[in-house]
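Chemist: Below, each chain spelled out in residue letters.
Protein chains: 2
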Amino acid sequence: MAKIAALSGFPEWLPAERQVEQHVIDVFREVAELHGFSGIETRAVEPLDQLLRKGEIDKEVYLLRRLQASEEEDPAADASRTLGLHFDLTVPLARYVLEHQNDLAFPFRRFQIQKVWRGERPQDGRFREFYQADLDVIGQDVLPSHVESEVAIVMAEILSRLPLPAFSIHVNTRKLSEGFFRSLGFEDHTAVLRSLDKLPKIGEDAVRTLLVDEAGATAEQADAALAFAGIRSRDASFGDRVRALGGTGEMVEEGIAELTAVLERVEAAVPGVILADLSIARGLDYYTGTVFESFVEGHESLGSVCSGGRYDRLAEDNRHSYPGVGLSIGLSRLVSRLLSADLARPSRPVPTCVLVAVSDEASRGASETVARTLRGRGVPCEVAPTAAKLGKQIRYADRRGIPFVWFPGADGAEDEVKDIRTGEQASASAGSWQVPEEDRTVRILPASEAARPRS
Amino acid sequence: MAKIAALSGFPEWLPAERQVEQHVIDVFREVAELHGFSGIETRAVEPLDQLLRKGEIDKEVYLLRRLQASEEEDPAADASRTLGLHFDLTVPLARYVLEHQNDLAFPFRRFQIQKVWRGERPQDGRFREFYQADLDVIGQDVLPSHVESEVAIVMAEILSRLPLPAFSIHVNTRKLSEGFFRSLGFEDHTAVLRSLDKLPKIGEDAVRTLLVDEAGATAEQADAALAFAGIRSRDASFGDRVRALGGTGEMVEEGIAELTAVLERVEAAVPGVILADLSIARGLDYYTGTVFESFVEGHESLGSVCSGGRYDRLAEDNRHSYPGVGLSIGLSRLVSRLLSADLARPSRPVPTCVLVAVSDEASRGASETVARTLRGRGVPCEVAPTAAKLGKQIRYADRRGIPFVWFPGADGAEDEVKDIRTGEQASASAGSWQVPEEDRTVRILPASEAARPRS
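These protein sequence lines map, in sequence, to chains X and V. Take the first sequence: its position 8, counting from 1, is numbered 8 in my numbering, and each next residue is one higher. Take the second sequence: its position 444, counting from 1, is numbered 444 in my numbering, and each next residue is one higher.
Next up, chain X with everything else stripped away, as it sits in the complex (with noise of 0.2 angstroms):
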């Protein structure tokens, strides 16, 4: 027989875990639309020349090749024909965008839920086939600056429904940094960001050994760059220390205002989350305006659960370009945390919440009618697979974590639903029972509690 086997990298959840999944997804979905963002989906794959017009990650690609093909059909030879799978949710959004941009309205408004695959190594919470959970507004050759502040919304929305500990989103613009390094008096000042990028991974002395070997700082230049990249705050008291670091200039004050209206605008929405932190940088070639990194406390080792910010260039063809705003969320990287971290833990691990007895296979067909009497006001039933033993049903909905079980009355008898948690037994009519509302379908919680049991 052949062997059975995990695959690393591949992530799979038995069915309590998958609720938790399914519940990012949906409120990840539910906070989109209310916002007015629309679904799509696109294609697994991509032709190869797409997916790396930007160069770099050549490496993760995983091409298809179908089993059968013929030996010409070397998959390398022409990459607009061969087809890879896609390694984000960008790249076929520009595509879509550019396929379709006559049948769409502008600003776009998209929310895009997929899998997507890269062959690299697999690592700690590195995954090769993950969901990303993408949104973003794009424009027809405008986009208005106050888009960046309505992303950064929706993301700390979604962000507060989730059953996570306390989070924060940190926020920059490009235009602040640029502008202040710039008025230092560098003339590279993506060296200077990049250099800046790698603090959280080597420390700040590092970094302004860098700052002076790669981007030519003076020791002075590298500790105000070093300081500007220390710059935290929740209110617009941020530009005052940008402007005693040396910052000055059209450049750094639009920064400044742009920066204090999208903090303020945040915190109007969803207060307490949102933080000024001048040392975020990401995607030095990509973003070109508001960026945004988010960290869930307790967890900063996971990174950057939800990233996002301004491109200006998602595609363009000879007609338009189209600048858009976006946020992205790790979502298989979340999920895996909630669940390692016991997070989060549904109320049970099926969505059944009554098992309908039955006390011999005659009597079948009348819980059935049961059933489908509980089923037809929304409530979760399965009908017991065999006429066991009632102390045998019950230890079967105990198992599963079904919390009621349902004795249909014989001989005009009245039916009776047991709680199975309480022992707690009562009469009960399948048209009118009134089930707990807590109890009526799965809710996910938050599980602060010890460590539960894994399975």
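Simulated from the structure, these hints should not be mistaken for lab results. Incorrect hints may appear among the rest.
Which copy is meant is left open, so a pair is good if it fits within one copy or across any two.
The calculated DMTMM-like cross-link candidates involving lysine to aspartate or glutamate, where the alpha carbons are at most 20 angstroms apart (straight line), are [as the list claims (entries may be wrong)]:
(1) K115 <-> E12
(2) K201 <-> E33
(3) K392 <-> D141
(4) K115 <-> E41
(5) K115 <-> D88
(6) K115 <-> D26
(7) K392 <-> E264
(8) K115 <-> E129
(9) K198 <-> D49
Got chain X; can you put chain V on it based on the hints?
Modeler: Chain V alone, transformed into the frame defined by chain X:
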């Protein structure tokens, strides 16, 4: 610039079309959960040797290969290490059940809605990437026969909630067919089934020839087999017709009893859709008990939209065997027809119910507050992207199909809301406005009217 083009066989929907697909997925999930089925997902890839276990479908598999894989990694070299994309959800289920048997409670009730891939040449309605929606009950060693009608009931409930014309579920059981052909004196009853399976494609005369030439039938036996396959009945009367054609013996009588029980149970649960159809054979080597197919009136060319049945050997190892009963919907194929035949359309193309107008950028914050209040009450909202003239903002809403435009009152004046379909405008407060329930979220409507504009 790289060419942007659709890929044949990889369907993609516009946002409004995706709403129809999402609706079908939501209905499937809702009904499955009401019946106590747990949703799972499996990884998209399986080892090639697992995919080829059934031996018949090898030319349909897409193999994966990392772009940067070294030359030695010949994808065909080691079938247990080579990965391919799954082409159905049954092979992954069998592997999942074996891998996780110690963590699952049996009978295991699971549903699974995922994309699958087949490298075949795309044809009318045949895709290379498509959604499949499966639902199965898997037993450990044993599985009671009443599960067969239970699954047919779930099938009937799903189909009855979809925006379809009248449909019917055709049911048969292997026991009845096999028993009948044995009692006619056929030695090789699978040869008979294989011939009869071709009825829809090649017709009665050609099948009669096959029965004589390949199944060794006499002219009389062939006529009886064809008469048997012609039996259709909504009640138990099919039994007498089988007996009149010469069906006798224990196996025939057991088959009649089982099929009658399925008819009665499904009829009690969802009246008017089930019928016995003794021509149904499907998956000869796979199914071992009751088999189902379902057809939509006026769309018989689609073939069966939802099929299933009992199979006694989904998986097995040294300790256990895993019999199952399942159903499967070729979801993309069905959605494709819903769209192309204009059977269903969303009540509006975007999730947004209300566009909150912005009279000038300085008051954008007030518009955002209105939107936040409405969202808090479950009303999907967008704020106008620019403070254009109000007529232009109304046209923006109209172009996107947003039914309401909200005008925040300036200087203490009351807010007003306009239904742009009727032109009606009235005072309103975001905290108490009663949105018509049919407008709050998008609904999917049967669209029997004339063809809608496809946009």
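Chemist: Output the numbers, in ascending order, of every earlier hint that fails for this structure.
Modeler: Violated hints (numbers, rising): 2, 7, 9; every other hint is consistent with the structure.
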